[in-house]
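K.L.:
For reference, the chains in residue letters:
Number of protein chains: 2
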Amino acid sequence: MTVPKFKKFKIEAYKPGKSNIAKIRNIIKLSANESALGVSPRVKKILQNKKLLISKYPDGKAKNLRKEISKKFKCDFERIICGAGSDEIIQMICQLYLKPSDEVIVPQYSFLMYRIYAQIVGAKVVFSKEKNFKVSINEIIKKVTRKTKLVFIANPNNPTGTYLTRAELIDLRKKLNKNILLVLDDAYFEYMKNKDYKSGLDLFKNKDNVVVIRTFSKIYGLASLRVGWGHGPKKIISAMNLIRPPFNVNQVAQMAAIEALKDRKFINNSVKHNIREANKVRNALQKLKILSNEVTANFLLLNFDRCKFSANYIFNKLQSKGIILRSTEDGYNIKNKLRLTIGSTKENMRFITTIKAIFN
Amino acid sequence: MTVPKFKKFKIEAYKPGKSNIAKIRNIIKLSANESALGVSPRVKKILQNKKLLISKYPDGKAKNLRKEISKKFKCDFERIICGAGSDEIIQMICQLYLKPSDEVIVPQYSFLMYRIYAQIVGAKVVFSKEKNFKVSINEIIKKVTRKTKLVFIANPNNPTGTYLTRAELIDLRKKLNKNILLVLDDAYFEYMKNKDYKSGLDLFKNKDNVVVIRTFSKIYGLASLRVGWGHGPKKIISAMNLIRPPFNVNQVAQMAAIEALKDRKFINNSVKHNIREANKVRNALQKLKILSNEVTANFLLLNFDRCKFSANYIFNKLQSKGIILRSTEDGYNIKNKLRLTIGSTKENMRFITTIKAIFN
Numbered sequence: 347m348t349v350p351k352f353k354k355f356k357i358e359a360y361k362p363g364k365s366n367i368a369k370i371r372n373i374i375k376l377s378a379n380e381s382a383l384g385v386s387p388r389v390k391k392i393l394q395n396k397k398l399l400i401s402k403y404p405d406g407k408a409k410n411l412r413k414e415i416s417k418k419f420k421c422d423f424e425r426i427i428c429g430a431g432s433d434e435i436i437q438m439i440c441q442l443y444l445k446p447s448d449e450v451i452v453p454q455y456s457f458l459m460y461r462i463y464a465q466i467v468g469a470k471v472v473f474s475k476e477k478n479f480k481v482s483i484n485e486i487i488k489k490v491t492r493k494t495k496l497v498f499i500a501n502p503n504n505p506t507g508t509y510l511t512r513a514e515l516i517d518l519r520k521k522l523n524k525n526i527l528l529v530l531d532d533a534y535f536e537y538m539k540n541k542d543y544k545s546g547l548d549l550f551k552n553k554d555n556v557v558v559i560r561t562f563s564k565i566y567g568l569a570s571l572r573v574g575w576g577h578g579p580k581k582i583i584s585a586m587n588l589i590r591p592p593f594n595v596n597q598v599a600q601m602a603a604i605e606a607l608k609d610r611k612f613i614n615n616s617v618k619h620n621i622r623e624a625n626k627v628r629n630a631l632q633k634l635k636i637l638s639n640e641v642t643a644n645f646l647l648l649n650f651d652r653c654k655f656s657a658n659y660i661f662n663k664l665q666s667k668g669i670i671l672r673s674t675e676d677g678y679n680i681k682n683k684l685r686l687t688i689g690s691t692k693e694n695m696r697f698i699t700t701i702k703a704i705f706n
Numbered sequence: 347m348t349v350p351k352f353k354k355f356k357i358e359a360y361k362p363g364k365s366n367i368a369k370i371r372n373i374i375k376l377s378a379n380e381s382a383l384g385v386s387p388r389v390k391k392i393l394q395n396k397k398l399l400i401s402k403y404p405d406g407k408a409k410n411l412r413k414e415i416s417k418k419f420k421c422d423f424e425r426i427i428c429g430a431g432s433d434e435i436i437q438m439i440c441q442l443y444l445k446p447s448d449e450v451i452v453p454q455y456s457f458l459m460y461r462i463y464a465q466i467v468g469a470k471v472v473f474s475k476e477k478n479f480k481v482s483i484n485e486i487i488k489k490v491t492r493k494t495k496l497v498f499i500a501n502p503n504n505p506t507g508t509y510l511t512r513a514e515l516i517d518l519r520k521k522l523n524k525n526i527l528l529v530l531d532d533a534y535f536e537y538m539k540n541k542d543y544k545s546g547l548d549l550f551k552n553k554d555n556v557v558v559i560r561t562f563s564k565i566y567g568l569a570s571l572r573v574g575w576g577h578g579p580k581k582i583i584s585a586m587n588l589i590r591p592p593f594n595v596n597q598v599a600q601m602a603a604i605e606a607l608k609d610r611k612f613i614n615n616s617v618k619h620n621i622r623e624a625n626k627v628r629n630a631l632q633k634l635k636i637l638s639n640e641v642t643a644n645f646l647l648l649n650f651d652r653c654k655f656s657a658n659y660i661f662n663k664l665q666s667k668g669i670i671l672r673s674t675e676d677g678y679n680i681k682n683k684l685r686l687t688i689g690s691t692k693e694n695m696r697f698i699t700t701i702k703a704i705f706n
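If you read the sequences in order, they're chains L and A.
Under my numbering, think of the first position of the first sequence as 347, with each following residue one higher.
Under my numbering, think of the first position of the second sequence as 347, with each following residue one higher.
Hint data in this document are derived by calculation from the structure and do not stem from the laboratory.
Owing to the predicted nature of the structure, the values given are computational and were not obtained by experimental measurement.
Using N, Cα and C, we set each Cβ at its ideal position, and we do this for glycine too.
Be a bit skeptical, because a hint or two may be false.
What the hints assert, rightly or not - Between beta-carbon pairs, the in silico distance windows are:
1) K445/L - S584/A: 20 to 30 Å
2) S584/L - S666/A: 22 to 32 Å
3) S666/A - S416/L: 26 to 36 Å
4) S584/A - S584/L: 30 to 40 Å
With the hints as extra help, turn the sequences into a complete structure.
P.N.:
What follows is the structure, given as structure tokens:
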């Protein structure tokens, strides 16, 4: 007996960072850019809410959550769609725009889910070169053909930690054929205090050819619950709603996200924590000749080219001590580098102490 | 400025049953086949668990949940994949098997998500006629062409409430070309105490050309959380894992589903409740000349052909009294019928009293 034949996909599946190491307790996971401070106490409270009707289907339209988003970010309720993580927004955009002959441009080093969802619908993924691990507008424009339908950019970019300035983004949108949809992933925008930075939403709120993606998995600390959203022209959002799974965002996530949006103090504390801790970690690593990008989001791309140890060596050594970083070889194909998430004060301290000990 | 062009879909979007009616409080929702008894107290407890790390990504492989499923249903861990509702399993099967020229056979009156996900990937949906609102094997076989890739059947079927017997299912699999994948949706199997019925999983656990779908949204009462699973040959499950969103099932759902599986008493009570209450409701309606299928799952398809009122009239009358049933005209295109979910004892009592009053 044989299995009925299915399609073949040229996909390298996404490998999540490890969360466990055999035989080691008390592990620190600095591999997934999760929230350093956990989650707002308001969110914790809402989970204790006994009024939650677990047995009833969630609100498919996520009305209350979209209202709260619209209020908080001053954007049109009708231009918002929620997803099971921003992942699902990427998936829907690919399903909506891409046929097998179509092309998608993604920067060489960028979030893996762009290429994966594009490949699932059979589109061709075209990589644009980066310059010093920064997205290059000219290289993107060079790759445009008649078949180009989408350009995906995360700003700041994961895993490089670099970003396009406000002026560069405007320049890109101008130079890009207006019939190509620009998808800007604002996943880490809350952390950004750099003066020449502006979020995709703030820049292109009223554009007809930009969709912005946001997540609750990073600074809001809701990664376990799966919730994100997209913002775009009403026409695109309506079409996405047509192909959206009818109950795509679970009700606990919807309620938690509403509460998370309300807690400004938690977000402000998280931003302050990140800037302080990221600089502390960065300085400590510099002394070991491990260099990194300037502080932007809640992670650093560590460069081992001047260091006496290789990225792999340090990765394994740290892992044997219960500290997990993200290898950038798998999937991203970036050699001799590691991605480090900024953790809690305690976690960062243990990380610094441990890595120093490896060098001594 | 214009919106970049996207694909056109010939899809009638899924319309969830209403949960609210303007100006009416104390609504009874008997439109979505949700659990009559809510959720196991063990599940409620787990949600209070303070160890849940909300800010960390869920286990993408859902290992613990798959282990529990494998233990409970005596099937191979490696042949199980979890999804954000059984919806996502249907979606992945369509993505895996269907190209735009391919065909999918679904019975005339069947769960809408089969046709919707097939249409999203551009496949052609072929409807097989039913006989007296029951799936017909001969009609399915008649529709097979060289392009047929998948056959979807829910057993018992939603919204008709009829089912194929054990013998009929075996007959179908025999008559169907072995290269066509049969997808059997066991969504309501727990409710089935009919002697000639056997679940898809029990019948085809070791088959190479059957995938079985199961859900936690019905008898387990976890509809708000979004979790379901699929069982099939390892080759198919591995390929589905390649296109599965990396963190597709949220962690709360995974934990709740594990607890739900452990509470046998809750499931047994739910089954007993359903048989008793469904018969009570069915008998009461018969006196009003509203006929229905024999009792199978947790819903009845009500037939108004011999009744002095039309299905529409009763639908609207009930709605004005705060009781929501499911119209089968939208989407299903079944005239003069309504689908009624068996609710709690109190809900069913209010339903019977209210509908009797309409007739007096």
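K.L.:
So, for every hint listed, does it hold in this structure?
P.N.:
Each hint, compared with the structure:
1. K445/L - S584/A: 20 to 30 Å: Given about 26 Å between the Cβ atoms, the range holds.
2. S584/L - S666/A: 22 to 32 Å: holds (31 Å)
3. S666/A - S416/L: 26 to 36 Å: holds (32 Å)
4. S584/A - S584/L: 30 to 40 Å: holds (36 Å)
Violated hints are absent here; each numbered hint is respected by the structure.
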